[in-house]
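Trainee: Sequence:
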Amino acid sequence: MRLTLCAVGKLGATTENALVKDYLSRAGQTGRGLGISPVELIEVEAKKAKNLTSPQLKAAEAEAIRDAIDGGILITCDERGELLTSRKIAERLETFKDRSERRVTFVIGGADGLDPGLRQQAAFSLAFGPQTWPHALVRVMLAEQMYRATTILAGLPYHRD
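Quick note on my numbering: the sequence shown kicks off at 73 and runs consecutively.
Hints should not be assumed to be uniformly reliable.
Simulated DEER-style distance windows between Cβ atoms [stated by the list, open to error]: (1) ASN123 <-> ALA199: 20 to 26 angstroms; (2) GLU112 <-> ARG171: 16 to 22 angstroms; (3) GLY105 <-> PRO127: 25 to 31 angstroms; (4) ALA226 <-> GLN203: 40 to 46 angstroms.
No more than 30 angstroms apart at the CA atoms, straight line, and that leaves these computed lysine-lysine pairs for DSS-like [stated by the list, open to error]: (5) LYS120 <-> LYS82; (6) LYS93 <-> LYS169; (7) LYS169 <-> LYS82.
Read the hints as simulated data drawn from the structure, not as lab findings. Quick reminder that beta carbons are idealized off the backbone N, C-alpha and C, glycines included.
Make a model of the complete structure from these sequences and hints.
Mentor: Structure below.
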């Protein structure tokens with residue numbers, strides 16, 4: 073199974089981007105023994121609001137996301153999503169792996185959020201709490217949770233209940 077983190081926008085040479093790449097690398101290394109391929113990061117270009125309404129902007133970004141991710145299971149990050157423990161995230165990934173899903177993609181939308189149609193396509197939506205978080209930090213938190221999930225599934229001592 074391949075895990076992918078797809079996000080709207082590019083972080084460039086930032087501390088947050090270095091952390092994201094580090095956690096995704098760790099997840100790929102830990103997941104190898106579990107049948108999980110190296111984790112892929114896809115950055116979709118943020119659409120500019122040139123005469124576009126917010127719904128049109130979200131729809132354009134959703135289309136770019138769909139084009140970039142090549143099918144598979146979709147998990148969106150959204151404030152209206154489920155508040156899951158790290159262990160529950162790992163359990164859901166294990167279910168997808170056991171079903172022989174070829175790809176599971178976590179998606180972080182742009183500044184205006186995600187298109188409702190894309191959210192409806194998702195197996196589930198994941199929330200990081202009721203607060204508003206900068207996209208760069210959400211990427212770091214999601215990448216860390218992807219790593220944590222692989223360590224839970226591998227039975228490694230990184231996660232403590």
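Trainee: Please go over all the hints and tell whether each is borne out by the structure.
Mentor: Evaluation of the provided hints:
1. ASN123 <-> ALA199: 20 to 26 angstroms: violated, 32 angstroms
2. GLU112 <-> ARG171: 16 to 22 angstroms: Hint holds: Cβ distance 20 angstroms, inside 16 to 22 angstroms.
3. GLY105 <-> PRO127: 25 to 31 angstroms: violated, 44 angstroms
4. ALA226 <-> GLN203: 40 to 46 angstroms: With a Cβ separation near 30 angstroms, ALA226 and GLN203 fall outside 40 to 46 angstroms, so the hint is violated.
5. LYS120 <-> LYS82: Since the Cα atoms of LYS120 and LYS82 sit roughly 13 angstroms apart, the hinted pair holds (cutoff 30 angstroms).
6. LYS93 <-> LYS169: holds, 23 angstroms
7. LYS169 <-> LYS82: Holds, at about 29 angstroms.
Hint check: violations occur at hints 1, 3, 4; the rest are consistent with the structure.
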